[in-house]
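**Q** Just so you know, the protein sequences line up as chains A and B, in that order.
So for the first sequence, our numbering puts the first residue at 1; every next one is plus one.
So for the second sequence, our numbering puts the first residue at 305; every next one is plus one.
Read the hints as simulated data drawn from the structure, not as lab findings.
Heads up, some of the hints might be wrong.
Stated by the list, open to error - Away from chain B, derived, C-beta distances all over 12 Å, residues of chain A: (1) I62; (2) K212; (3) V245.
What the hints assert, rightly or not - Below, simulated DSBU-like cross-link-like pairs (lysine-lysine); rule was C-alpha separation at most 35 Å, straight line: (4) K35/A / K15/A; (5) K318/B / K137/A; (6) K4/A / K234/A; (7) K412/B / K178/A; (8) K234/A / K506/B; (9) K136/A / K458/B; (10) K121/A / K446/B; (11) K178/A / K458/B; (12) K518/B / K234/A; (13) K421/B / K136/A; (14) K121/A / K498/B; (15) K4/A / K151/A; (16) K518/B / K178/A; (17) K446/B / K178/A; (18) K458/B / K139/A; (19) K498/B / K136/A; (20) K121/A / K491/B; (21) K498/B / K178/A; (22) K121/A / K518/B; (23) K458/B / K151/A.
None of the values given here were measured: they were computed from a predicted structure.
Ideal Cβ placement from N, Cα and C applies to all residues, glycine included.
The residues making up each chain are set out below.
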Amino acid sequence: MVEKSKLQKILEAGKFSVTAEIGPPASADADFVAKKARNLKGFIDAANVTDNQTAIVRMSSIAASCLALQEGVEPVVQMTCRDRNRLAIQSDLLGAYALGLRNLLCLSGDHQSFGNHPQSKNVYDIDSIQMIQALKKMKDEKVLIAGNSTKKPAEFFLGATANPFADPEELQFIRLQKKINAGAQFIQTQAIYDMERFKKWMERVREAELHKKTYILAGVLVNKSLKSLEMTKKVAGMSVPDLFVERMEAASSKEAEGFKIALELISEIKKIDGVSGIHIMAVGWESIVPAIVEKAGFLPRPLL
Amino acid sequence: MIIAEQKPFEEIIKWLDGYKKVLIAGCGTCVTVCMAGGETEALNLASLLELAGKKNNSNLEITVVTPKRQCDREFLDEIAAAVDKSEVVLSMACGAGIQFMAERFSSKLVLPAVNTKFIGVTREIGIWTEMCQGCGECVLEKTGGICPVTRCSKSLFNGPCGGSSEGKCEINSDTDCGWQLIYNKLKELGRLDKLNEIIEPKDWSNSRDGGPRKIVREDVII
Numbered sequence: 001m002v003e004k005s006k007l008q009k010i011l012e013a014g015k016f017s018v019t020a021e022i023g024p025p026a027s028a029d030a031d032f033v034a035k036k037a038r039n040l041k042g043f044i045d046a047a048n049v050t051d052n053q054t055a056i057v058r059m060s061s062i063a064a065s066c067l068a069l070q071e072g073v074e075p076v077v078q079m080t081c082r083d084r085n086r087l088a089i090q091s092d093l094l095g096a097y098a099l100g101l102r103n104l105l106c107l108s109g110d111h112q113s114f115g116n117h118p119q120s121k122n123v124y125d126i127d128s129i130q131m132i133q134a135l136k137k138m139k140d141e142k143v144l145i146a147g148n149s150t151k152k153p154a155e156f157f158l159g160a161t162a163n164p165f166a167d168p169e170e171l172q173f174i175r176l177q178k179k180i181n182a183g184a185q186f187i188q189t190q191a192i193y194d195m196e197r198f199k200k201w202m203e204r205v206r207e208a209e210l211h212k213k214t215y216i217l218a219g220v221l222v223n224k225s226l227k228s229l230e231m232t233k234k235v236a237g238m239s240v241p242d243l244f245v246e247r248m249e250a251a252s253s254k255e256a257e258g259f260k261i262a263l264e265l266i267s268e269i270k271k272i273d274g275v276s277g278i279h280i281m282a283v284g285w286e287s288i289v290p291a292i293v294e295k296a297g298f299l300p301r302p303l304l
Numbered sequence: 305m306i307i308a309e310q311k312p313f314e315e316i317i318k319w320l321d322g323y324k325k326v327l328i329a330g331c332g333t334c335v336t337v338c339m340a341g342g343e344t345e346a347l348n349l350a351s352l353l354e355l356a357g358k359k360n361n362s363n364l365e366i367t368v369v370t371p372k373r374q375c376d377r378e379f380l381d382e383i384a385a386a387v388d389k390s391e392v393v394l395s396m397a398c399g400a401g402i403q404f405m406a407e408r409f410s411s412k413l414v415l416p417a418v419n420t421k422f423i424g425v426t427r428e429i430g431i432w433t434e435m436c437q438g439c440g441e442c443v444l445e446k447t448g449g450i451c452p453v454t455r456c457s458k459s460l461f462n463g464p465c466g467g468s469s470e471g472k473c474e475i476n477s478d479t480d481c482g483w484q485l486i487y488n489k490l491k492e493l494g495r496l497d498k499l500n501e502i503i504e505p506k507d508w509s510n511s512r513d514g515g516p517r518k519i520v521r522e523d524v525i526i
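Start from the sequences and build out the full structure, keeping to the hints where you can.
**A** Structure follows, in structure tokens:
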């Protein structure tokens, strides 16, 4: 019998999920992670524990996920293809599952040229779609990639990402369908500022009935400064309407305005048919998540 | 030079299903020397395809051209008329030539008739061995002219692993241990002192890992 994660149970029960993120430190400080987890406890259903985000070395996602779990916060392990070959991926994930971790987000991973070791090799032995497919096969058929059987497979609740704003649009949509066909059970989107484009994307999702095959969790970024918003705007694949930059410029309190914008976006996202949850990204401002969740009316979180 | 070998005929014949006018394009440079895609191989492939076509009652109209190279535009220009008359091109050049053909003749389907294998040398006629990865920042001055990236199965930089035996690599007794070769060479040159230096982690950003590469020399651009 599969031990379903809390996140999976909530989504399968048709309830709107709330997830957030914990960014591990570039140190071996266990308490750093524990504090972040305690801050989120009771406010969210699960927290993504990022995997060397932007190719900058930080504590391992699996290790930090175990620390979060110890504090009562259910983690979503992240795993990139950039840093591991198919042996390491399988080994790490069997270990992660054995340690009680139940949610997994499969990622390609930012190219190492973006991070603090641009001289390093990358791996990309398999891609994120192949990873999802391998893990689904592990669950369904109790076999590893090489075809050998395993008595106790890792049976993760499998997730992937999608960017409604990336181009070429047609190919990105094909890629989304591939992720779902490969076995992705939930999709976390890139942060949404461009509501019109996101709504159009969701129209396509509903037309293709992808929202019935997987849970779409919409990404919301909380910016605390004009500078961080402008940086967000420059990120490849992001779509930030000028309106938000103008509002942030004009605001006397940037933090209050960032908070307000996030709440407005969440309010609008909640109404969109086919969206099953919200994924809050508060980079460098994780302490704000409880207030966002409370103000957005998501409390109390369902007990399952 | 670039070493390649011809793809299995059964694969090639399958791809041509539905086409009639086929152009086989050999290449007069590397694949000629390694006997994978030169004029001889192109003509042989044409003969095989004609035979297969007759057997299947699907007669192919095959043209064979072998420009000097498929990686220089001027030689592709020379065969443009022949390409234009075809429906599909079967390129016997290396991967660079195949892609350059596909780029230059963008309205034509260009199919690969060879598998590009490695940068290597001719040991003797019929035997080619890999010597270079094109890793972008040469270290041969440290290793007596023998490449650890290529000749070591693990691309180790500070000597062999514990798996080699009698000068052979642990993965295949037919493969020389690259580090045994390096040791022998440095000893012969009286430069074993080079081995004492710990070689630092390599900067792979100049290699494939940094993304597709490009060299621009303003001094020679016309």
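**Q** With the threshold set at 35 Å, check whether the alpha-carbon distance from K4/A to K234/A stays at or below it.
**A** 38 Å, violated
**Q** CA of K121/A to CA of K491/B, is that 35 Å or under?
**A** 31 Å, holds
**Q** Straight-line Cα separation of K446/B and K178/A no greater than 35 Å?
**A** 47 Å, violated
**Q** Quickly compare the C-alpha distance for K498/B and K178/A to 35 Å and report which way the hint goes.
**A** 51 Å, violated
**Q** Quick check for students: does the CB of K212/A sit more than 12 Å from each CB in chain B?
**A** 37 Å, holds
**Q** Given the hinted pair K498/B and K136/A, is their alpha-carbon gap at most 35 Å?
**A** 50 Å, violated
**Q** Find the nearest Cβ of chain B to the Cβ of I62/A and say whether that gap is larger than 12 Å.
**A** 24 Å, holds
**Q** Within a Cα-Cα threshold of 35 Å, do K121/A and K518/B meet the stated pairing?
**A** Given pair K121/A, K518/B holds - Cα atoms ~18 Å apart, limit 35 Å.
**Q** Given the proposed pairing of K412/B with K178/A, does the C-alpha separation stay at or below 35 Å?
**A** 28 Å, holds
**Q** Below or equal to 35 Å on CA atoms is what counts here, so check K4/A against K151/A.
**A** Between K4/A and K151/A the Cα gap is close to 18 Å, so the pair holds against 35 Å.
**Q** Within a Cα-Cα threshold of 35 Å, do K518/B and K234/A meet the stated pairing?
**A** 25 Å, holds
**Q** Quick one, are K121/A and K446/B close enough, alpha carbons at most 35 Å?
**A** Since the Cα atoms of K121/A and K446/B sit roughly 21 Å apart, the hinted pair holds (cutoff 35 Å).
The structure shown violates the earlier hints numbered 6, 17, 19, 21.
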